Amino acid sequence: MREITYRQALNEALAEELERDSNVFLMGEEVAEYQGAYKVSAGLLQRFGPKRIIDTPISENGFAGLGVGAAMVGLRPIIEFMTFSFSLVAFDQVVNNAPNMFMMSGGQFNIPITFRGPNGPAHQLGATHSHATENFYASVPGLKVCTPATPRDAKGLLKTAVRDDNPVLVLEAELLYSSKGMVEPPDEELLIPLGKADVKREGSDVTVVCYAQTVPIALKVAAQLEEEDISAEIVDLRSIKPLDEKAIFDSIAKTHRVVIVEQDHPFCGVGAEICYRIQKNIFDELDAPIIRVSQEDVPMPYNEDLEHAVLPNAEKLVAAVKQVCYA
Amino acid sequence: MREITYRQALNEALAEELERDSNVFLMGEEVAEYQGAYKVSAGLLQRFGPKRIIDTPISENGFAGLGVGAAMVGLRPIIEFMTFSFSLVAFDQVVNNAPNMFMMSGGQFNIPITFRGPNGPAHQLGATHSHATENFYASVPGLKVCTPATPRDAKGLLKTAVRDDNPVLVLEAELLYSSKGMVEPPDEELLIPLGKADVKREGSDVTVVCYAQTVPIALKVAAQLEEEDISAEIVDLRSIKPLDEKAIFDSIAKTHRVVIVEQDHPFCGVGAEICYRIQKNIFDELDAPIIRVSQEDVPMPYNEDLEHAVLPNAEKLVAAVKQVCYA
Amino acid sequence: MQPVEQRDEVEMLSLMLLIRRFEERASQQYQAQKIGGFCHLYIGQEAVVTGTIAAVRSDDYVITAYRDHGHALARGTSANACMAELFGKETGCSRGLGGSMHFFDKKHHMYGGHAIVAAHVPLAVGLAFAIKYRGEDRVTLCFFGDGAINQGSFHEALNLAALYRLPIIFICENNLFAMGTSVKRSTSLKQIVDRAEGYDIPGEIVDGMNFREVRDKVAEVADSIRKESHPAFLEVRTYRYRGHSMSDPASYRTKEELEKYRLDDPIIRLRAQLTREGKLTNERFDLLDKRAKETVLAAVKFAEESPELPVEKLRDYVYFNGAKS
Amino acid sequence: MQPVEQRDEVEMLSLMLLIRRFEERASQQYQAQKIGGFCHLYIGQEAVVTGTIAAVRSDDYVITAYRDHGHALARGTSANACMAELFGKETGCSRGLGGSMHFFDKKHHMYGGHAIVAAHVPLAVGLAFAIKYRGEDRVTLCFFGDGAINQGSFHEALNLAALYRLPIIFICENNLFAMGTSVKRSTSLKQIVDRAEGYDIPGEIVDGMNFREVRDKVAEVADSIRKESHPAFLEVRTYRYRGHSMSDPASYRTKEELEKYRLDDPIIRLRAQLTREGKLTNERFDLLDKRAKETVLAAVKFAEESPELPVEKLRDYVYFNGAKS
Ligand SMILES: Cc1ncc(C[n+]2csc(CCOP(=O)(O)OP(=O)(O)O)c2C)c(N)n1
Ligand SMILES: Cc1ncc(C[n+]2csc(CCOP(=O)(O)OP(=O)(O)O)c2C)c(N)n1
Ligand SMILES: [Mg+2]
Ligand SMILES: [Mg+2]
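Chains as they are written, first to last, in the working numbering: chain A, 285 to 611; chain B, 285 to 611; chain C, 4 to 328; chain D, 4 to 328.
Note that these hints are calculated values from the structure, not bench results.
Remember, it's a predicted structure, so these values are computed and weren't measured experimentally.
You may find that some hints are simply not true.
[To be verified] Pair ranges (Cβ atoms, derived):
#, chain 1, residue 1, chain 2, residue 2, range
1, C, D319, A, R447, 15 to 25 Å
2, B, Q508, A, E529, 26 to 36 Å
3, A, P334, C, I271, 44 to 54 Å
C-beta atoms are modelled at their ideal positions from N, C-alpha and C, and glycine is treated no differently.
Model the full structure from these sequences, guided by the hints.
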């Protein structure tokens, strides 16, 4: 194991999959000559050439659709959205063409495509540039959605996504691109299955379900709560769809209390779905109502303090945990 | 009161609002000369002329944005999507521009626009044409979403939507366009507030929360269950956002059991959000886990029997009600 | 470079007859409620797809919109598989899961059947991208209607195809109407073909009621593309005799206009040409027509008797697990 | 028809100076981390918006993309309100809720400040639609970059504007790059202006480094539009001296290229013209520049000292309840 950044981990995943399979190509805005808006694709143009690392005009709908078409005849496109906020102009291609093709064609055309890029609020980008799209995409049948929070998960999930024969969205966390973590050496194949959550910290009093940008928040809070003798178990979903129900249920069977901390909007957010499944399947295990911590239901303001107030954060999570513990 | 169809009710609402306020105009594909793909705008071109009833090319993103821009300077556009499945190509305008403008401009530009058209699966239209978009749009801060199930609600909600100073989506039910119901005479102003649910049938044993196309299913099931001595209370949400929590909670306080029947997809669907709010706010009122009946999590197949199997339907609802009652 | 085999014109005439008779039956079966959903007929436009197919290779890629029955039949999908799809049967070209608007046939390089206007144009560019990526000399044939050219996806796709110089022919089947909207009410141009200039893509106007003109023009363009990859645009002028879909009375146009085009019927026209040249007798024509009708009747019977996909199997069509296709 | 009041050229030169000095300060304050998010500077392009504003009425509608500081200042938004917005303060032109990319000023008919590339072009067409709907003789001025012309929304908007003959000038600020992508790598055309032909919209190329040429061309076009409503397209050739945003080193272009354009600087150019014509002395110029610098410094102080919107008030900015704006 060695320590690398989340950005490097993604870069390694891309390089390894491009190396392994000549049907894989990377396409998006500024991915080639500019080395990626966030430098995730740094060095790839030099290594794999312009045929496989392809810059596009600002035409998300067009190149997302191009990727789906190329996938119909067996190529394995990796389509980068500079951020998933811009995937909204390509929404129809991602939710209508990619996931429906297999069903509509009676099983003739599966779409082995990966859509990736940073998702969720970054820092003071304002309402148009701060979209967390996981609940949109997870609600669409035929799509798979993963949300890595660590360099290791980022590398392992992206590689798995590229090898999956269905459309997979890898929702990266811009704020974590420079964060570091231990990852297996390059010569060791690292594949992390979709639909497997990961207990990032064991605990006995309360389960905190989190993913992507909320994982570091949850870990920070867990450490803090320990001093107050509250033992929190941190369950990192890693994949939103398929969802690892069992991991969630197993943890709650231990703690009987749960808080879900998510980065999307509250109304019909990911946490709502998880809450439904918990109460439906293990109603009697719950000693207190489930509480969610998410964004406030308001468009993202630019002002830094206001943005902080809108986002899920440590203070809110601490309060929520205490509420379920002392309920 | 007189009996008219859901289609006529919408048509009256449009005519009355066009008559009342010269800033109101209707724009969309085939709304004028063709009299509407589903004839909802029949006669309006003849009555209000081409300046206010405007046909467009097939450019949803373009004319949705046109509407938002016109609303910035005080016009009150009614934008018809031939179906909300086609709103997906205009997604960015609806979720990014319309609802964010007021916040982003520091309160200078509110957007008094109505987006309307049929939403949800109709009959054998296949995966691309059967989208239920309510959970997408309800999750967006700054939007309001209503889903009328009866002619009276259709008229009253659409009129209210047009007068609202914010972006409102009126998600109509194509399968109900020809259904009939009692509505106040034209000379009586009919306005139904957004965010007010309606108990369509009183009951004491179980609460069935429904909206749009699932309301007639729920009423049919309630009648059937009565013969088996199960008294179901039917709560028609009418609006998804704002959501009338109180009406839901009040009913459950009576019945202590609830089934949510929705027309969207299960993952992060409207029912998930309602479930979260119920268990969070009135956890102790529940005598059984909440159960949802929704579409199956698969792209919509064309075949009629398979479509029926994917949709929420009476059989599934009956089974769900019995499950919560005998739990 | 693999040569384009010459397709016999009489054979192509029977293909047009097959499409015509298939659509007439489909219409009748729709009225008899054997077919559900939306159903868009190709009657009147047969020469467009037939002429195109006659000019290209069987391994070239074909993709179109929702008015797709003719394209599948022309590509080689059996009338049985097409009719069964309309009936929603497991024996259908999309196993009854796609319906009229979503015909697919991988074996015959028919990539759909797409119902969101213009959303398949980027897909077509992706097919062409794959051809160039693999260094093949195939051509992608992307059909769409006159109503599709005002969608953003059309615009982005054409710019991408031109920028990357991809092997694709954009074939605009200009039948003058998008539902009830005539081209002059949808498009700010005197002629659609001019839009290709905005992308520096060569464009031409073709008489879509004339089989031979379509075939020869497509052959010429496809040939140039195979020599050196580039996109091309053809505005093919045609006409649909029926309403937009089965539910459209088409009251937005005059009987006279319709009659004018009927006189120019692509089938009558090719028949006349062949007869004049002594390549076809009336007896032979009647026989071909009789065969087409029989084939379609047999297809109805086949569809009727075919099984539906069992509900338990539906889940196998959500995610591909390596087992299928 | 209300006449366009003549704007004094020296005044316009000071406006360009104000924009230039404002952006320099913004850059410095960004580095000092007083400003967050993305920040795109307008330095080098000043003549485009200044020339345009000098040619139109104060009640004409202006809308642009995220590189919007210059447009707000040119429209009349105070340097205080602009700087305060960058600082996220309640006194900002968007109350600190929009930030650099989302400047709005209703009073001065500045309709934003829009950060999704080309998504504001349909909004602009809506503004123009409202003008025609109300029978007014205003003109909408829609600014966007060269990178915006390959978005679907651009395409749909231009077709709609042409179809409805709306009073709008599409002003493409062609600064040769969209982030690191040069126009020739993004657009399949020799020159951008040709794309307007695809919509039958009259288009012209304008030298964006020359204040007078921009002003006179816009005046001519706006005048023709006020006489009889129609859309027009201007490809205004300009150059941004800085990187795309504060975080971009702009290593995709050569020092030489940058220097070439600096020699053509719009401020130097107008200054020289005015001096040659005896309308401006060096002393006067230095004074104007000094004033601009002072104004901007004062703006920084104002922004520093301004309050932020209290959290409790945030909810008032989600839905309009008749109370505000
Ligand atoms: C994005 C989108 N908007 C609207 C529709 C509804 N619709 C289906 S076909 C059609 C007209 C298309 O006309 P054209 O492209 O000329 O093809 P034609 O029907 O003439 O073959 C419309 C508006 C759709 N399917 N997709
Ligand atoms: C739909 C969308 N895609 C991508 C981006 C990211 N982005 C912001 S600005 C920009 C380049 C735009 O260049 P241009 O239009 O030439 O304007 P300029 O920056 O030169 O003023 C890109 C790709 C975005 N904001 N919106
Ligand atoms: Mg047509
Ligand atoms: Mg530029």
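Taking the hints in turn, this is what the structure says about them:
no. : hint                         : in the structure
1   : D319/C to R447/A: 15 to 25 Å : 20 Å, holds
2   : Q508/B to E529/A: 26 to 36 Å : 32 Å, holds
3   : P334/A to I271/C: 44 to 54 Å : 52 Å, holds
When each numbered hint is compared with the structure, no violation occurs for any of them.
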